[in-house]
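Please construct the entire structure, taking both the sequences and the accompanying hints into account.
Each protein sequence line maps, in turn, to chains B and F. Sequential numbering of the first sequence, starting at 1, is according to this note's numbering. Sequential numbering of the second sequence, starting at 1, is according to this note's numbering.
Read the hints as simulated data drawn from the structure, not as lab findings. Only a predicted model underlies this, so the values are computations on that prediction, with no experimental measurement involved. Every residue gets a Cβ at the ideal spot worked out from N, C-alpha and C, and that includes glycine. Be careful, since some hints might not be right.
[What the hints assert, rightly or not] Far from chain B by the CB rule (all over 10 Å, computed), these chain F residues:
hint, residue
1, C20
2, D45
3, H77
4, M80
5, V106
6, D113
7, L231
8, L316
9, R346
10, F361
[Unchecked claim] If you want a taste of the chain B side facing chain F, the calculated C-beta under 7 Å gives, among others:
hint, residue
11, S14
12, L15
13, N17
14, L23
15, M27
16, A188
17, R189
18, T192
19, A202
20, T206
[Claimed, not checked] Computed spacing ranges between beta-carbons, pair by pair:
hint, chain 1, residue 1, chain 2, residue 2, range
21, F, K150, B, L29, 40 to 48 Å
22, B, L29, F, L422, 24 to 32 Å
23, F, K150, B, A153, 54 to 62 Å
24, F, L87, B, E175, 40 to 48 Å
25, F, L32, B, Q178, 24 to 32 Å
26, B, R246, F, V417, 54 to 62 Å
27, F, G91, B, G50, 53 to 61 Å
28, B, D320, F, R432, 53 to 61 Å
29, F, L422, B, G50, 21 to 29 Å
30, F, L451, B, G370, 53 to 61 Å
31, B, Q178, F, L390, 49 to 57 Å
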Amino acid sequence: MTSSTSSSEHGSVSLSNGRAGLLIILMALLVLGPAVLFVRGFTGFAEKSGGDVFGIQRIRSVHAEMDYMAQRPGPTVLVFGSSLTNEGFSPRHFDRQAEALLGTDITSFNIGMGNMKPSYQLLLAKRLREAHERAGRKAALSVIELTPFLLTAKRNAFRPFMTEQVTAVLMSREELMQELWNDPERFARLFTIKYLRDGISAEAITGGLRFLIGSAQSQVPLIASLGEDQIALITEQRRLQGELNRQIGQQHPDTRKSIVWNPATQGGLIDMEDLSADTQGLASQLIRMMRDQRTLQRDARDREECCDIRNLVFDASMVDEFVAIVEEFKQFSERVEIVLLPTNHTVIAPTPEALARQQQVLQQISARTGVPLLDYQQHPQFAADDFYDATHLSLDSGKPRFSALLARDLADELVSVIGPNGKTVAGKTAVMGAESGGG
Amino acid sequence: MLFNTPLFFGFASIFFPLYCFVFTRENSRVLLIVITSLIFYAGWDYRFLPLLVFSGVVDFYIAQMMEKTPDQARKKHWLMFSLVTNLGVLGIFKYLNFMTESVHDVLTWIGLDVSIATLDIVLPVGISFYTFQSLSYTIDVYRGDMKARKQFLPFFATLTFFPQLVAGPILRASQILPQIEKFPAILPENIRYGFVLITMGLFKKTVADLLAAPAQTLFNSDQPLSWLETLTGVLAFAGQIYGDFSGYSDIAIGLALLIGIKIPLNFNTPYFSVSPVDFWKRWHISLSNWLRDYLYISLGGNRNNKQLRNIFITMLLGGLWHGAAWTFVWWGAYHGAIISATHLLRRTAIGQMLGRINSRFFTVLQWLFTFYLVCIGWIFFRAESLQDALNIIVALHVPDFSIAAAPYSGVILGMVVFALLLAHFVDYGIIRYRHALESSRFWFWLPVLVLGQIFVFLIGEPGYDFIYFQF
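Printed below as a string of structure tokens:
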């Protein structure tokens, strides 16, 4: 038995079973406890001083504000999507246009987030449904962005390190417990990220370091291909971006119009009219600079690398997840619309085969969900000048134009739900439990 | 279930309290170790549990049969049965496809277009380790070095003991069986030093994972890299495999120590070796010892002037033990050659003269030269093919300065060298200062442990397999 009285060269006497167990537990706490506290302190400090350095702030803040969105009085419009929505949709312009057309207050929310995959978005949709169920309300209209290149197999394999972090933040306790039976290894990892690491995975922390020591080397051909003038251009862009951020911070010290989801801006980012005249000039200068043809081509190449934007080889599981997202929204929305945002087709033109595949997927999604598709991809109102890069609408023209256009095109849908004078149409009450319009 | 994952932490959080508070009798502890170890193994792949049980049952009964018979010839037959069974299973699961593909390549090479089917065989994790460990038991009983055991569970517990089940250290039955049969008392210094080893092992593993990126850049690259990046990649892999495997061994030894079970050291600052012979006394010591005791000596050892031949065969098979690929065979042959060359050199007048030099500078030169030889070996070990390995060796020795180095290359090289040294000095520290680290009087190490754990928890990415799991 271990409770013998043998002694060691240190002169210590052997421990009883209980004491050995207690010492092991004490040592584990002494070593692990400070490590957990330090990591939480470090990540908290890094986010406070450096912003969204781990790429999770917007997701976390959307998650935290879902009840606010669900409980907001009056008819609400949820515009849900990726960074294309995040940067290309202005709640202010949408609401203004809707009010002008319908004569009533509409509150739209921008629920667009960068680095999204349908699997995360599905979790987000579930959480939104739960928030609306708690509030006992429905959104008047949900607009779901469908971006074909975000449903490709290449995109599925992109940035896998983000997956666990985002999933951990968005998973409910029940879903997490379900994972315990499906994959205990993953359960333990997600549990640690969610409850011990404040939603920030080690992968997110090492991302920068790993890029420096790994990817930097693989970037050699790309960096080597850049001329001195291009490097100078990138440097100048970064300087202007820094200056723009600084001025925005000064002009909007509370919201900072940052990536964090802010109720005051209904989740929207900065609008041109939020800026002083000087700062507007600075923003325009930066956007012009970003439209440099070589920069756009490089951006297009990046999109090909990450998302197969020209060939569009779709991943069936991602299409299934997208359909499931729509089904979730149907449950807490009077109406649901699927929208394809304008594309910068002068920079990236998918191949004919890719377009055929896209058409097939769009038909499939529309048939499976029963939701109509609003396709702005080739809309004549959008030209190259309405984008600031290969895919995103620009702050100065594309974003306000698209937001207003969307409000105009969806006015009939809104009227069918809230009535011509802002009153809810009979049988279309914004209360959960009523028959769903569902699109 | 990797040691560096939260799931293993959960597993350990259940095992140790059960061991200390609930299963306090020796028999029940053996049962606890067997059950938890099987659960641990099932976490990898439950389909291979019967194979593990089969290996244990066969060797347990063969050892008993050998013990019962006084006839040496019959004993030998039983030993052959054990060898054929164990190595047969290993051969099927690990080498069958390699052998059929190699035969196919040879036939194709001589112009015979023969279609040979290969089977889709999954390599059971840890099979090379537990097969060797199980064999050591029957060989020791055959040689009369230990008595066959009458109780199956303690023997099976040594074979399945979870800290070292899937990637060693490879223990001889005589080293661990007596400890499982009569569990040693747990001393406070065991627990203190156990935590040091676990934390530093995790630390080394984390460093190794960081080094994986520049190593991959070289070994997975389909285009030529600059000399600086080639050098960085080779050094990074040297650091990666060292941190990865020695880290795993440290964690295994530390976990066992928490319940008072002592497992011998598996690494002893191997990159501070002064010769290839010295390197193999410091690198994967349990495998070196196994190969020496059971293969090299069985081949005749130093007798009959066949030392060099026996060394070469031992290292060749040692290389093949690592993996079913020609690159491992070349790696083994390369080490066989440089060890043989070292022995040959020692027999010459120059070698004897060098052996008499007693200077620190000369020792440093020996370190560097041995490290250089070992790194060349790692290129064979890591490369996808022999051709790739030769290309890297040429690129390293005949620099093509027309290929521009990537930005930060110098910084990255500096970081890699720093990481390599850091992992080594951690190893040096935990060996050299073991006495102090075990002592309760020296609390200076606790902050070091906390710092190490902070590093691990901050950037230690779970999910990176230990390299040696594939063997």
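Here is how each hint holds up against the structure:
1. The claim that C20(F) lies off the interface is violated: its Cβ sits roughly 3 Å from the closest Cβ of chain B, which falls inside the 10 Å cut-off.
2. Residue-level check passed: D45(F) sits 13 Å from the nearest beta carbon of chain B, beyond 10 Å.
3. For H77(F), the requirement that its beta carbon stay farther than 10 Å from each beta carbon of chain B is met, with the minimum near 41 Å.
4. A cut-off of 10 Å between C-beta atoms confirms that M80(F) is not in contact with chain B; the least separation is 41 Å.
5. At the 10 Å boundary, the C-beta of V106(F) stays outside the reach of chain B, the nearest C-beta of that chain being 37 Å off.
6. Residue-level check passed: D113(F) sits 35 Å from the nearest beta carbon of chain B, beyond 10 Å.
7. Every Cβ of chain B is farther than 10 Å from the Cβ of L231(F); the closest lies at roughly 12 Å, confirming the non-interface assignment.
8. With a cut of 10 Å on Cβ distances, L316(F) stays outside the contact zone with chain B, its closest approach being about 34 Å.
9. The non-interface label for R346(F) is consistent with chain B: the shortest C-beta to C-beta separation is roughly 37 Å, beyond 10 Å.
10. Distance to chain B confirms F361(F) as a non-interface residue, since its nearest Cβ pair spans about 32 Å, more than 10 Å.
11. The restraint placing S14(B) at the interface with chain F holds, with a minimum CB-CB distance near 3 Å, inside the 7 Å limit.
12. Given the 7 Å rule on beta carbons, the hint for L15(B) holds: about 5 Å separates it from the nearest Cβ of chain F.
13. Nearest Cβ of chain F to the Cβ of N17(B): about 5 Å, under the 7 Å cut. The hint holds.
14. Because the beta carbon of L23(B) sits about 5 Å from the nearest beta carbon in chain F, less than 7 Å, this interface hint is met.
15. For M27(B), the interface hint holds, since its Cβ comes within 7 Å of a Cβ in chain F; the closest pair sits about 5 Å apart.
16. Among the interface hints, the one on A188(B) holds; its C-beta lies about 4 Å from the nearest C-beta in chain F, closer than the 7 Å criterion.
17. For R189(B), the interface hint holds, since its Cβ comes within 7 Å of a Cβ in chain F; the closest pair sits about 6 Å apart.
18. Interface hint at T192(B): satisfied, since its Cβ lies 4 Å from the closest Cβ of chain F, which is below the 7 Å cut-off.
19. Given hint, A202(B) at the interface with chain F, holds; its Cβ is 5 Å from that chain's nearest Cβ, closer than 7 Å.
20. Interface restraint check: T206(B) against chain F, minimum CB-CB distance 4 Å, threshold 7 Å, status holds.
21. In this structure the supplied range 40 to 48 Å holds for K150(F) paired with L29(B), their Cβ-Cβ distance being about 42 Å.
22. Look at L29(B) against L422(F): about 27 Å separates their beta carbons, and that is inside 24 to 32 Å.
23. At about 59 Å, the CB distance of K150(F) to A153(B) agrees with the hint of 54 to 62 Å.
24. At roughly 47 Å, the beta-carbon separation of L87(F) and E175(B) lies within the given 40 to 48 Å, and the hint holds.
25. For L32(F) and Q178(B), the hinted distance range of 24 to 32 Å is satisfied, since their beta carbons lie about 29 Å from each other.
26. At roughly 39 Å, the beta-carbon separation of R246(B) and V417(F) lies outside the given 54 to 62 Å, and the hint is violated.
27. At roughly 55 Å, the beta carbons of G91(F) and G50(B) sit within the given window of 53 to 61 Å.
28. Under the hint 53 to 61 Å, the C-beta atoms of D320(B) and R432(F), about 58 Å apart, fit the expected range.
29. Distance hint for L422(F) and G50(B): a CB-CB separation of about 26 Å, consistent with the stated range 21 to 29 Å.
30. One distance hint, 53 to 61 Å for the beta-carbon pair L451(F) and G370(B), holds here, with the actual separation near 58 Å.
31. Against the hinted window of 49 to 57 Å, the Cβ-Cβ separation of Q178(B) and L390(F) comes to about 51 Å, which satisfies the hint.
The earlier numbered hints that this structure contradicts are 1 and 26.
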